[in-house]
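Chains as they are written, first to last, in my numbering: chain G, 1 to 563; chain E, 1 to 194.
Hint data in this document are derived by calculation from the structure and do not stem from the laboratory. One or more of the hints may lead you astray.
Unchecked claim - Where chain G lies over chain E, by a calculated footprint (3+ residues, C-beta under 8 Å):
#1 29 to 36
#2 59 to 65
#3 77 to 91
#4 104 to 113
This structure is a prediction, so every number in the text was calculated from the model and none was measured. Where is the CB? At the ideal position from N, CA and C, for every residue including glycine.
Next come the chains, spelled out residue by residue.
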Amino acid sequence: MHKLLEQSPGKKLLLLGNEAIVRGALEAGASVCAAYPGTPSSEIANNLFFISQEPSPPLYFEFSTNEKVAMEVAAAASAAGLRSLTCMKHVGMNVAADVLMTLAYVGTKGGMVIVTADDPSMHSSQNEQDNRYYARFSSLPMLEPTSPQEAKEMTIVAFEISEQLELPVIVRTTTRTSHVRGPVELGELPGNVTSKGSFQKDPRRWVPVPAVARIRHKVLLEAEEKARRLAEESNYNSSVGEGSFGVLATGVGACYAADAIHELGLSGKVKFLRLGFIYPYPNKLLLEFMQGLEKILVVEELEPFHEDHLKALAYENGLSIEIMGKKSGHFSRLYEFDPGHVKEAIAKVASVDYAPPVMPDLSTIPELPMRPPSLCPGCPHRETYNGIKEALKALGQEERAIYPTDIGCYTLGLLPPIQMADYLLCMGSSVGTSAGFSVATDHKIVSFIGDSTFFHSGISPLVNAVHNEHKFCLVILDNSTTAMTGHQPNPGISLRPPGYEKPRVDIEEVVRACGVKNIVKVNPYKHKESLEAYKEVLAKDELSVIIAEAPCILYLKRVGGKR
Amino acid sequence: MDRMRILITGVGGQGTLLASSLLGEAVMAEGLPVRVSEVHGMAQRGGVVESTVMIGGIESPIISNGYADILVGFEPLETLRALNRCNKGSTIITNVTPIVPFTVELGQAEYPDVGHWIGFMEEHYKKVIAYDAATAAKEAGTPKALNVVLLGTLIATGLVPVSVERMKQTIKEKVKPKFIEANLKALDIGLSQN
Numbered sequence: 001m002h003k004l005l006e007q008s009p010g011k012k013l014l015l016l017g018n019e020a021i022v023r024g025a026l027e028a029g030a031s032v033c034a035a036y037p038g039t040p041s042s043e044i045a046n047n048l049f050f051i052s053q054e055p056s057p058p059l060y061f062e063f064s065t066n067e068k069v070a071m072e073v074a075a076a077a078s079a080a081g082l083r084s085l086t087c088m089k090h091v092g093m094n095v096a097a098d099v100l101m102t103l104a105y106v107g108t109k110g111g112m113v114i115v116t117a118d119d120p121s122m123h124s125s126q127n128e129q130d131n132r133y134y135a136r137f138s139s140l141p142m143l144e145p146t147s148p149q150e151a152k153e154m155t156i157v158a159f160e161i162s163e164q165l166e167l168p169v170i171v172r173t174t175t176r177t178s179h180v181r182g183p184v185e186l187g188e189l190p191g192n193v194t195s196k197g198s199f200q201k202d203p204r205r206w207v208p209v210p211a212v213a214r215i216r217h218k219v220l221l222e223a224e225e226k227a228r229r230l231a232e233e234s235n236y237n238s239s240v241g242e243g244s245f246g247v248l249a250t251g252v253g254a255c256y257a258a259d260a261i262h263e264l265g266l267s268g269k270v271k272f273l274r275l276g277f278i279y280p281y282p283n284k285l286l287l288e289f290m291q292g293l294e295k296i297l298v299v300e301e302l303e304p305f306h307e308d309h310l311k312a313l314a315y316e317n318g319l320s321i322e323i324m325g326k327k328s329g330h331f332s333r334l335y336e337f338d339p340g341h342v343k344e345a346i347a348k349v350a351s352v353d354y355a356p357p358v359m360p361d362l363s364t365i366p367e368l369p370m371r372p373p374s375l376c377p378g379c380p381h382r383e384t385y386n387g388i389k390e391a392l393k394a395l396g397q398e399e400r401a402i403y404p405t406d407i408g409c410y411t412l413g414l415l416p417p418i419q420m421a422d423y424l425l426c427m428g429s430s431v432g433t434s435a436g437f438s439v440a441t442d443h444k445i446v447s448f449i450g451d452s453t454f455f456h457s458g459i460s461p462l463v464n465a466v467h468n469e470h471k472f473c474l475v476i477l478d479n480s481t482t483a484m485t486g487h488q489p490n491p492g493i494s495l496r497p498p499g500y501e502k503p504r505v506d507i508e509e510v511v512r513a514c515g516v517k518n519i520v521k522v523n524p525y526k527h528k529e530s531l532e533a534y535k536e537v538l539a540k541d542e543l544s545v546i547i548a549e550a551p552c553i554l555y556l557k558r559v560g561g562k563r
Numbered sequence: 001m002d003r004m005r006i007l008i009t010g011v012g013g014q015g016t017l018l019a020s021s022l023l024g025e026a027v028m029a030e031g032l033p034v035r036v037s038e039v040h041g042m043a044q045r046g047g048v049v050e051s052t053v054m055i056g057g058i059e060s061p062i063i064s065n066g067y068a069d070i071l072v073g074f075e076p077l078e079t080l081r082a083l084n085r086c087n088k089g090s091t092i093i094t095n096v097t098p099i100v101p102f103t104v105e106l107g108q109a110e111y112p113d114v115g116h117w118i119g120f121m122e123e124h125y126k127k128v129i130a131y132d133a134a135t136a137a138k139e140a141g142t143p144k145a146l147n148v149v150l151l152g153t154l155i156a157t158g159l160v161p162v163s164v165e166r167m168k169q170t171i172k173e174k175v176k177p178k179f180i181e182a183n184l185k186a187l188d189i190g191l192s193q194n
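All chains, full assembly: derive it from the sequences and hints.
So this is what it looks like as structure tokens:
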């Protein structure tokens, strides 16, 4: 049995933040969950997947082809009265944003929770956007846990708030809250979870043509005010201590601030407000917090989400308080926070001594060899890259080739000695940007995309390329799994997790159906054969697709799924 | 209860994450507050893998420069790289068997002299326990037990609030049945290194 399915109320398990969210969804009786994997959110989807593979599973889960589809699956389940959840990394929210912005208008029936996992410092991401702004952008409530225990509780509370307001509720984590383990007290798992809902037709609610949308926007703004009152009364927004100096902190910033206040001996001497129900801004509570304060330090990673609001609120209410944080230079908008730095900043504003730890002089240590991430030894992508490079060299095209690339392990083709990654934006961008480069330059365009990324958002730009007669060669690196995020299945896989019987969608057939004429499929390990094939395809100045098919060796070795 | 910050560092595949989660489980079983933080995703592909175990009510999941009370290095280069996280009062436990990065194999960088830098650590830090934990793990029956060997040495210092018995019990409960025996042996070997 999956460890998260243990009944034992009251027992404590050491769980990852992401696992705690899954346990919360289980305790809340979520029926339908859907996701596309992405670090740091992946363990949520992975655990839901394994739970859905159990005999008589308590919920339905699917790996959807992308975040937009996943959010649509969850939205419809909610409209049918079931509790549903979708989770994604921060940039996945951009893909699903088209759904999100209007889902906020039509609203929900069964509780719906959207988890976004942000990645300050970009441990595994291409940007460090602050998804708290999605809450403000969409007018939807947002909760942000600071521990695994809170992550579980807040997931349950999010379902309840969602049903109360008929709005989806966003739970936001960051890398550090998703990937921290802590004790989580188990609650009760419901005995019977409804697996089929019933959808009540109501076009004036569910079909946002302009006349309906105008009404629904008003409903949304009214619900936002109700949510604000919930935030003002929430147990997750509370302050401790007294004094003229206030600290307002959220997310992992609240952890750093709590430790700093304790270790600096400031407990009780500063007014410390932790916000967990972070949007709508709890204005009444914030005004009460500001009463009697002379200065406030806002401890929040990334953007000045609360700092800016606090300043606006102080201005509107004629309060003269020094509000510090990003703009005062105490903290940066860049990267994740460092707990020592937070401690130093709080000490400085509180005018208490800060004694940093005494460290030996390390200046004699030479520059140490790095261990940059690299493609695994024996990885099929290496073979494909080297083969394509050799073919282009033989054709005299290597010097003038541009390589748009995509998101996956193969992005590491950027590094020497391969160095075949020239341009990247987001999932699927290899195909769309190849179209742009082929119009805007006379270079040879050879782009790379993985199998899962192709299904995620590579198909639509490929249709565009056929129709608009763009000339480039798209290499689909088909390793039969979503390797980077931990080997999740995708529609094209031939290598399967045990018991996974869903129908396969053949990439070659899809490419052919898109209208691509020049298609070749190779086994990149067969060097001579594939080299000849590459040369033949690359010699022509037309749209072509090379499918390099060989399973991820790590997956083949580790999981040994059946072929 | 004293607050304690433990940093565990090594190379992907060495079992650092299992070590930190076993230690976290044991601390929790002792009834003490604990948080364990891990590195997932891209960073795991052959790179440096770091985890922390924070005991005694610390909420922060990560450790700033100078704040590690104990550093457990699974690989000597990684121990050296993590020295900036230690202070003069820190205790360092390190394996001395190198895993040479490909940047060194390609001639782009030079691997530091392990003996010299162990000497440096012994001179500048409160306590240093350095030995060949890789060979010790092989003696226990599997090179993969390196993590539990080092965990044994950590318990033997008496600095962490976990009894030997508790650690054994945690291994019995959390490790796959076929690896329990080798891991218990590895723990004993590690315990004897203090």
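Verification of the supplied hints:
1. 29 to 36: Holds, because 4 residues of the stretch 29 to 36 of chain E bring their Cβ atoms closer than 8 Å to Cβ atoms of chain G.
2. 59 to 65: Satisfied; 7 residues make the cut.
3. 77 to 91: holds (count 9)
4. 104 to 113: holds (count 6)
Checked against the numbered hints given earlier, the structure satisfies every one of them.
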